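2 protein chains.
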Amino acid sequence: MNISQATFERTSYRGRYQNRPVSREDLMMIMKAGLAAPSGCNKQTTSLIAVDDPALLAEIKALIDPPIFQTAPAAIFVLTQAVPAYRGKCFNVQDYAAAIENMLLAVLELGMESCWYEGHLTDDDHLGQKIAQRLGVPEGYELVCALPVGYPAEPVRRVAKKPFEERAWLNGFGKE
Amino acid sequence: MNISQATFERTSYRGRYQNRPVSREDLMMIMKAGLAAPSGCNKQTTSLIAVDDPALLAEIKALIDPPIFQTAPAAIFVLTQAVPAYRGKCFNVQDYAAAIENMLLAVLELGMESCWYEGHLTDDDHLGQKIAQRLGVPEGYELVCALPVGYPAEPVRRVAKKPFEERAWLNGFGKE
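One line per chain: the protein sequences are A and B, in this order. For the first sequence, this note's numbering gives the first residue as 1, with consecutive numbering after it. For the second sequence, this note's numbering gives the first residue as 1, with consecutive numbering after it.
Quick caveat, the hints were computed from the structure, so don't treat them as lab data. Since we're looking at a predicted model, the values are computed, not measured. Among the hints, a few may not be true.
Identical chains share a label here; the pair holds if one copy fits it or two copies do between them.
[Stated by the list, open to error] Think about it this way: if two alpha-carbon atoms lie no more than 27 Å apart in a straight line, the pair counts; the simulated DSSO-like pairs of lysine-lysine are:
| id | residue 1 | residue 2 |
| --- | --- | --- |
| 1 | LYS89 | LYS43 |
| 2 | LYS61 | LYS130 |
| 3 | LYS61 | LYS161 |
Go ahead and model the full structure; you've got the sequences and the hints to work with.
Structure below.
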C-alpha cells in the first residue's frame with residue numbers, strides 16, 4: 001500500500017472488531033511507525049503503551065463510560081510529556097498527533113482498522129488519568145489518546161469531506 | 001514506497017534544493033494527502049496554500065529572518081482555524097499536525113524532501129502573520145507552518161532517536 005492510497009483510505013472506524021488477535025509483531029511495527037514521527041527540536045515527547053493482555057484490556061475498557069472499542073483485541077495508549085522545545089514553547093501536541101497519524105496509516109497497511117479517541121479521554125471526566133493509573137504511568141506523562149487495533153467485522157465507511165477547493169489554494173488565499 | 005518504509009525514511013531536510021521545479025500535479029497530490037488526515041469531530045480546521053510562483057516565493061522568503069529553505073522551488077503554508085469541536089475544546093493543533101505528517105510522507109514518496117518549520121513562524125517575531133498578510137489570509141486563520149518542497153541537492157541525514165525500549169512498552173508502563 002503506498003502513501004497516497006493509505007492517506008485517502010484511512011478513516012475512523014467505530015464498528016465491531018473480529019475476534020482475532022493482533023500479533024505482537026504487528027503491534028511493534030505500528031508503534032515503531034509512531035515513534036518515527038518528527039518532533040519539535042527532536043524532543044521525542046511521545047511514548048506508547050500497547051495492551052493486548054485480555055484481562056488488562058477488559059479492566060481498562062470497564063473504566064471508559066460511555067464505552068468505546070469494546071470488541072477491539074488490542075489498543076495502543078499514547079502518552080505525552082510537555083517539554084519546552086523552542087523559546088520556551090512546547091510542541092508535544094504536534095509531536096503526538098504526527099505519531100498517531102503514522103500509526104493510523106501503519107494499522108491500515110497491516111489490514112486492520114483503528115480510530116483516534118482523544119476528547120473522550122482528556123475531557124473533564126479524566127478517563128485518561130484513570131487509565132494511566134491502571135497502567136502505572138508516572139508523574140510527568142499525560143495519557144491523551146487510545147487507538148484500538150484489530151480486524152474490522154463490519155463494512156468500513158468514510159466520512160464526507162469539504163471540497164478540496166474550499167481548503168487548498170495556489171499562490172494566495174482562495175486562488176485557483 | 002510503503003508506509004513503514006516511508007515513516008522510517010522521513011527526516012527533516014535542511015539542506016539545499018536542486019534548481020528543478022515541482023510539478024503542479026505533485027503539489028496537488030501532497031495537499032490532497034494532507035487534507036485527507038483526520039480531524040477532531042471532522043471539523044476540517046486545516047487549510048493549505050502552495051506557493052510556486054518564483055516572485056511571490058522570493059518575497060515570502062525575504063520576510064523570514066534568519067532565513068530558511070532559501071533554495072526551495074516551492075513551499076506549502078499551513079493555516080489553522082481554532083474551531084471548538086468537543087465539549088468546547090479545540091483540536092485544531094492535532095488536526096494540522098496530522099495533515100503535516102501526511103504531507104511529509106507524500107513528499108518523500110514523490111522523491112522529494114521537506115522539513116516542518118513551525119516554531120520559527122509562530123514565535124514572538126510573528127513571521128507567520130507577515131506571510132499570511134502577503135498571501136491575503138483573512139481573519140480567523142492562523143498561519144502556523146511552512147513546508148518547503150523540492151528535490152534535495154545534498155545527502156539526506158537522519159537524526160538519532162532514543163531506543164524503542166525507552167518509549168514503548170507492553171501491558172504497562174516500562175514493561176518488556
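Hints and how they fare:
1. With identical chains, the CA atoms of LYS89 and LYS43 are at most 27 Å apart both within one copy (12 Å) and between copies (25 Å).
2. In the homo-oligomer, the alpha carbons of LYS61 and LYS130 lie at most 27 Å apart inside one protomer (11 Å), although the nearest pairing across protomers, at 47 Å, exceeds that limit.
3. When the C-alpha separation of LYS61 and LYS161 is checked against a cutoff of 27 Å, the pair qualifies neither within a copy, at 31 Å, nor between copies, at 32 Å.
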